[in-house]
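Undergrad: Here's the letter readout for the chains.
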Amino acid sequence: MTQHLFLAWRYVVFHRVKTIILVACVSLTLFLPLFLNRMISEFETQLMARAESTPLVVGSKGSRFDLALHALYFRGRTPELLSMGDFQELRDSGLAQVAPLFSRFSARGYPIAGTTLDYFDRRGLAVAEGEMLSMLGDCVLGANVAAELGLGAGDHLLSDPKNVFDIAGDYPLRMRVVGALASRGSPDDDAVFVDLKTAWVIEGIGHGHKDMEKAPDREAVLDRSASNVVANAALPQFMEITEENAGSFHFHAEPEDLPITAALVWPNDDKSRALLLGRFTTGADEAQILESVEVVEEMLGMVFKVKRFFDANFALVAASTGLFLTLTILLSLRLRRREMQTMFQIGCSRGTVFWLQACELLIVLVISLFVAVCLAALAGASGDWLMRQVM
Amino acid sequence: MRNVIAWIGLGLAAAGLLVGCGGGSSEVGSGARPERARPHVYTVNYPLQYFAQRIGGDAVEVVFPAPAEVDPAHWMPDRKTIKAYQQADLIILNGANYAKWLDKVSLPESRLIDTSAAFKAQLLKVEDVVTHSHGRGGEHSHVGTASHTWLNPRLAVLQAEAIRDALARLEPGKAGEFESNFESLKTDLLELDAAIDASIEQDRDRPVVYSHPVFQYFQQRFAVNSRTLDLDPWGVPEKEELDKHRKLQASHRHDRVIWHADPGDGQSKELLRIGIKSYSFQLCSNAPEAGDFLTVMQSNVKRLKQAYQPAQ
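Taken in sequence, the protein lines are chains G and B.
Take the first sequence: its position 82, counted from the start at 1, is 82 in our numbering, and no numbers get skipped.
Take the second sequence: its position 121, counted from the start at 1, is 121 in our numbering, and no numbers get skipped.
None of these hints come from the bench; they were simulated from the model.
Treat the numbers as computed from the prediction; the structure is a model and nothing was measured.
Just to be clear, a hint being listed does not mean it is correct.
[Said to hold, decoys possible] Listed next, with one range per pair, are the computed distances between beta-carbon atoms: (1) 174(G) <-> 204(B): 38 to 46 Å; (2) 152(G) <-> 295(B): 45 to 53 Å; (3) 153(G) <-> 34(B): 16 to 24 Å; (4) 180(B) <-> 152(G): 46 to 54 Å; (5) 156(G) <-> 145(B): 29 to 37 Å.
Yeah, the Cβ is synthetic: ideal placement off N, Cα and C, and Gly gets one too.
Using the sequences and the hints, build the whole thing.
TA: The structure is reproduced here in structure tokens:
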């Protein structure tokens, strides 16, 4: 057998162009399903890990998928708003730990997530460089954001305005980067984190400006009475929160009316979970509660339906490659008739000739499998990067 | 040939290893608080520190980090101090919009205790505030809630109750000790309440001026016949300020001012010229130079007795 392998090896090495073409065909046919399976498995693992680490999500009524994508992955359409009053009610129920989320803006394309320090504790997020949020106007960057923008503690990052033509609308805020988070291989790596109050400042609900009671009339003051001062909508507001002007920042709403886009809920136990789910089943409530795993499984169900089409496609490609390989071998046998004749004449049996052919095919298949597995492994090693491109 | 087979085998094994190891993520710490022998409790003013210390005893370490010379209501802690607050096991807030700096910093929501949440409906709104409007959101004001809740000792008892409950959740094994300490504090506060009431009862209808808009809960609790001016205890009163008194005297015949801090000689002497005597009532927002919350309040009671002494 070793002799057969030796002769077959010498043959495939001598006819290297033909061998390379055959290996490429078979490798690619094997690589694609291997790669897709790996990616889907990675996709499922990442999505499910995030869902499992956030058992419940509360948000405004509407698309469940939009809410899950927004609250868990900072993606998709922003759901309708809830109020801090809703959040406080959940928190004060004593049934769960709750972290609010307000994410409607971006900075250089990366979502800005406004939340509280409890979010970082619950997610196990630690600062790799610099420090955690302390003051209004601070931001910490996800690991990928810091790497891709080349920013770190001490730098500044400007929020993206939603509408540059609305002078009375949201002003971009120049945020102070105070740290970068360690990578967790999760959507947190691709977000910019600020305190909830900073997110409200970006939204335009909170702002800082000169003391209007003391401002001279020429500075955008339209009307002044004993109890009210009315200013032009274009009254200049501070675009950066510094130690000097921080005191002038204030919010235009009662604390319980301030908005959030979702609340992430970690129930204390199964009973608390059941009680919380029960609270939102009346239908009269303007909020809804999601079981993250259930919604993500539903989303993945759709992905797996699409995968079935790909699987059918691969079966057809594999069949055509097998036929192509058979044709190549048959044609090769015809071309090598004189070579076979010579082998008979020097005393080789029909079995030996068969085994020589079989070994050549085996070598091509083994090399192809090796190449396909290596390619899949390489693709898998850059799975995080590929997943980020997909998501 | 054996070499060829060996290389292929090695290659397959390496590929398998790569597939097995690919896609993993590094493990990082959760940023948990340091292990401590006793829980650290931070407060936003001195009265809360005193209450927490009385209730927690040796079981907790209570910290109020504001420098002695600042008014905690208008103080702004530096980053280092904010970090210390963030590392605390419990952060006790006064609520009622006290300590404006809380709107400007990031603190862990789950460790905040609002001691006035239980009597939110009883919080007093501050009137006569200049509002302003511009752009979206319309007219609004920046101030709206009276915040010196502890000047009504009955509300202080409710705040102490909130502290007791929070400490009991933090250290359930010591709930009995906290309860017993709370009862002792409650007794002291109710005695203080009775003593203040008795002092004022001498001449409750006497018209008196309070020097700063911080006495709202005190004025409400003890139903004093009072008006409030915004006066500077340390300056020498200008003619305008003396005119304020004269104008007010037309409708509110006051001959006494209760100051929120010890007035300077300039104030006392100038006011005495127009027949107004000065008495101080220490707010005790920050740690006193000597004594504690209770002794400072007892001194206040002594001065109140003089201030409300009926005219001979």
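Undergrad: Are any of the numbered hints broken by this structure? If so, which, sorted upward?
TA: 1
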